[in-house]
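Asks: Sequence:
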Amino acid sequence: MEPALPTARQACQAGNCVDLFTTDLTWVTTNGGNLNGNPWVITQDGTTIRYNVEKSGNCGGANYNTQVGTATATITVGPVAALFSFELGGVGELELPDYDEMTLKFDGQQVGFAHAAGGNKGCVDGPVVFALQTTLPISMAANTVHTFELRFSTNDANFHVNSFYQLDLSFAPQA
-14 MEPALPTARQ ACQAGNCVDL FTTDLTWVTT NGGNLNGNPW VITQDGTTIR YNVEKSGNCG
46 GANYNTQVGT ATATITVGPV AALFSFELGG VGELELPDYD EMTLKFDGQQ VGFAHAAGGN
106 KGCVDGPVVF ALQTTLPISM AANTVHTFEL RFSTNDANFH VNSFYQLDLS FAPQA
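First residue of the sequence shown: -14, per the working numbering; consecutive thereafter.
The set of hints was computed from the structure by calculation and includes no laboratory data. Mixed in with the good hints there might be a few duds.
If you anchor each label on the Cβ, the simulated ranges turn out as follows [unchecked claim]:
hint	residue 1	residue 2	range
1	Pro122	Asp30	14 to 22 angstroms
2	Ala142	Trp12	24 to 32 angstroms
3	Asn21	Ser155	25 to 33 angstroms
4	Pro122	Asn21	33 to 41 angstroms
5	Gln159	Asn43	42 to 50 angstroms
6	Thr51	Asp153	21 to 29 angstroms
7	Val26	Asn128	28 to 36 angstroms
8	Trp12	Pro158	18 to 26 angstroms
9	Ala66	Asp30	18 to 26 angstroms
10	Val130	Leu20	32 to 40 angstroms
11	Gly104	Thr129	40 to 48 angstroms
12	Ala157	Gly46	39 to 47 angstroms
13	Gly107	Asn21	19 to 27 angstroms
14	Thr129	Asn21	34 to 42 angstroms
Only a predicted model underlies this, so the values are computations on that prediction, with no experimental measurement involved. Beta carbons: idealized from backbone N, C-alpha and C, even for Gly.
Build the full structure now, drawing on both the sequences and the hints.
Replies: Right, here's the structure in full:
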């Protein structure tokens, strides 16, 4: 059996390969006001996280609560510096602006904010408004640990139909 070829993330010497670029990503989530369990869905080895809002009572659903949640990622960088980036998308209510909001923080500093667009359209959802408050990508030194925190709230119990907020995270070795 032939040895595996090294990946771009490995250095090999005399047939022994060592991972140069690694990031360990672990999430801890909380939630409240939800009827059907945890609204956070984490996929793609932790690099995609989504908050699903339950349909509100005034729009034909069963949830009459304000829905809230936090998700905190611990990011551990290996022996090679890394670049961290993210994209946010989703849909929120189109009744009132600044509802269904999410705040994003990296190492305690706010780096983004998203909210429903509003528009007095009742039980209709549309794209969320996202404001990036930092320059991407974010540089992370080798052998460091960072936190990425998401805080979500519907801020009220009304006008939620198919709302969700989704973040896609990416990491790359820093040249």
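Asks: All hints are to be evaluated individually against the structure, with a verdict given for each.
Replies: Hints, one by one, checked against the model:
1. Taking 14 to 22 angstroms as the suggested C-beta distance range, the pair Pro122 and Asp30 conforms, at roughly 18 angstroms.
2. A hinted range of 24 to 32 angstroms holds for the C-beta pair Ala142 and Trp12, which are about 26 angstroms apart.
3. One distance hint, 25 to 33 angstroms for the beta-carbon pair Asn21 and Ser155, holds here, with the actual separation near 30 angstroms.
4. A hinted range of 33 to 41 angstroms holds for the C-beta pair Pro122 and Asn21, which are about 35 angstroms apart.
5. A C-beta distance of roughly 48 angstroms is found between Gln159 and Asn43, which places it inside the suggested range of 42 to 50 angstroms.
6. Our hint of 21 to 29 angstroms for Thr51 and Asp153 holds, since their Cβ atoms are close to 26 angstroms apart.
7. For Val26 and Asn128, the Cβ-Cβ distance of about 31 angstroms falls inside the hinted range of 28 to 36 angstroms, so the restraint holds.
8. For Trp12 paired with Pro158, a C-beta distance near 22 angstroms keeps the hint of 18 to 26 angstroms intact.
9. The beta-carbon spacing between Ala66 and Asp30, approximately 20 angstroms, falls within the hinted interval of 18 to 26 angstroms.
10. A beta carbon spacing of about 35 angstroms between Val130 and Leu20 agrees with the range 32 to 40 angstroms that was offered as a hint.
11. A hinted range of 40 to 48 angstroms holds for the C-beta pair Gly104 and Thr129, which are about 42 angstroms apart.
12. Separation of Ala157 from Gly46 is about 40 angstroms and conforms to the stated range, judged on CB atoms against 39 to 47 angstroms.
13. Taking 19 to 27 angstroms as the suggested C-beta distance range, the pair Gly107 and Asn21 conforms, at roughly 23 angstroms.
14. Taking 34 to 42 angstroms as the suggested C-beta distance range, the pair Thr129 and Asn21 conforms, at roughly 37 angstroms.
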